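Take the sequences, apply the hints, and build the full model.
Line by line, the protein sequences are chains A and B.
Residue 103 in our numbering sits at position 103 of the first sequence, with consecutive numbering throughout.
For our numbering, count along the second sequence from 1 and bump the result up by 1000.
Please note: incorrect hints may appear among the correct ones.
[Unchecked claim] In silico DSS-like links for lysine-lysine, alpha-carbon gap of 30 Å or less:
hint, chain 1, residue 1, chain 2, residue 2
1, B, K1052, B, K1003
2, A, K71, B, K1054
3, B, K1105, A, K44
4, A, K62, B, K1054
5, B, K1003, A, K103
6, A, K44, B, K1092
7, A, K103, B, K1092
8, B, K1054, B, K1069
9, B, K1069, B, K1052
10, A, K27, A, K44
11, A, K51, A, K27
12, A, K103, B, K1069
13, B, K1092, A, K51
14, A, K62, B, K1105
15, B, K1052, A, K103
16, A, K103, A, K71
Hint data in this document are derived by calculation from the structure and do not stem from the laboratory.
Treat the numbers as computed from the prediction; the structure is a model and nothing was measured.
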Amino acid sequence: NAGVMQNPRHLVRRRGQEARLRCSPMKGHSHVYWYRQLPEEGLKFMVYLQKENIIDESGMPKERFSAEFPKEGPSILRIQQVVRGDSAAYFCASSPGYATNEKLFFGSGTQLSVL
Amino acid sequence: LAKTTQPISMDSYEGQEVNITCSHNNIATNDYITWYQQFPSQGPRFIIQGYKTKVTNEVASLFIPADRKSSTLSLPRVSLSDTAVYYCLVSKNMRFGAGTRLTVKP
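Structural data, given as structure tokens:
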């Protein structure tokens, strides 16, 4: 039973390019969370999605960032026109539901470097 | 949503017991308390979860007092490989705080 899969593991982009980060949740999980982490800092919540729905995007910048979780395929975090400040590790997590005792299962993250 | 407060960092030595306390004064009646561990360049992983009193598994123990306004993660006889950042979460709040950076020294 594969865990949460994120790809690519490392992504290098030049300023102004687009970055697409993919997350395949664990089998049977329909809830996905995206987090951003700067070096030596904690995980900052960005967005929470269910299949085909954005439930909470309060942590995501209003411009340049978008996320989706289509009926088929992985969840995608898209960053348009990247800037150096977008350089960070991006982690996604999945859970089977939204119960009060839900546990999150994390992927290994995507390290985004903006040149 | 309940907010959590933890010490920023802790140091310990191999073989010692480490206790990390998390404050969550605004915990709701149906909230669980969940602890995660994160190593550098890896995603966090689940350690332990509890609702009240004491929970123990092969990795750690979790102590929760009757008022549930705090919880203590206990790691028995730590080793160098326990050096990591530890986060407590109070569900359904999937927001992580800064966590506690534990450094285990030889």
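Now the hints, each set against the structure:
1. Proposed proximity of K1052 (chain B) and K1003 (chain B) is supported: the alpha carbons are some 18 Å apart, at most 30 Å.
2. In summary, the hint linking K71 (chain A) to K1054 (chain B) is not supported, as the alpha carbons are separated by about 40 Å, beyond the 30 Å threshold.
3. Restraint check for K1105 (chain B) and K44 (chain A): satisfied, since their Cα atoms lie roughly 29 Å apart, inside the 30 Å limit.
4. With a C-alpha separation of about 42 Å, the suggested pairing of K62 (chain A) with K1054 (chain B) is violated against the 30 Å cut-off.
5. About 18 Å separates the Cα atoms of K1003 (chain B) and K103 (chain A), which keeps this hinted pair within 30 Å; it holds.
6. For a cut-off of 30 Å, the pair hint linking K44 (chain A) to K1092 (chain B) stands: about 15 Å separates their Cα positions.
7. Taken as a hint, the K103 (chain A) and K1092 (chain B) pair is honoured in the structure, with Cα atoms around 10 Å apart against an allowance of 30 Å.
8. Restraint check: the Cα-Cα separation between K1054 (chain B) and K1069 (chain B) comes to about 14 Å, which is no more than 30 Å; the hinted pair holds.
9. With a C-alpha separation of about 10 Å, the suggested pairing of K1069 (chain B) with K1052 (chain B) holds against the 30 Å cut-off.
10. Between K27 (chain A) and K44 (chain A), the direct Cα distance comes to roughly 25 Å. Compliance with the 30 Å bound is thereby established for this hinted pair.
11. The suggested pairing of K51 (chain A) with K27 (chain A) holds, with an alpha-carbon distance near 13 Å, which does not exceed 30 Å.
12. A C-alpha spacing of about 20 Å is found between K103 (chain A) and K1069 (chain B), which places the hinted pair at or below 30 Å, so the restraint holds.
13. Note on K1092 (chain B) and K51 (chain A): the hinted pairing holds, with a Cα-Cα distance of about 18 Å set against a maximum of 30 Å.
14. Pair hint K62 (chain A) plus K1105 (chain B) does not hold up; C-alpha atoms about 43 Å apart against a cutoff of 30 Å.
15. Annotation: proposed proximity of K1052 (chain B) to K103 (chain A) holds, straight-line Cα distance about 17 Å (limit 30 Å).
16. Between K103 (chain A) and K71 (chain A) the alpha-carbon distance is near 22 Å, which keeps this suggested pair within the 30 Å criterion.
Hint compliance for this structure: hints 2, 4 and 14 are not met, and every other hint is.
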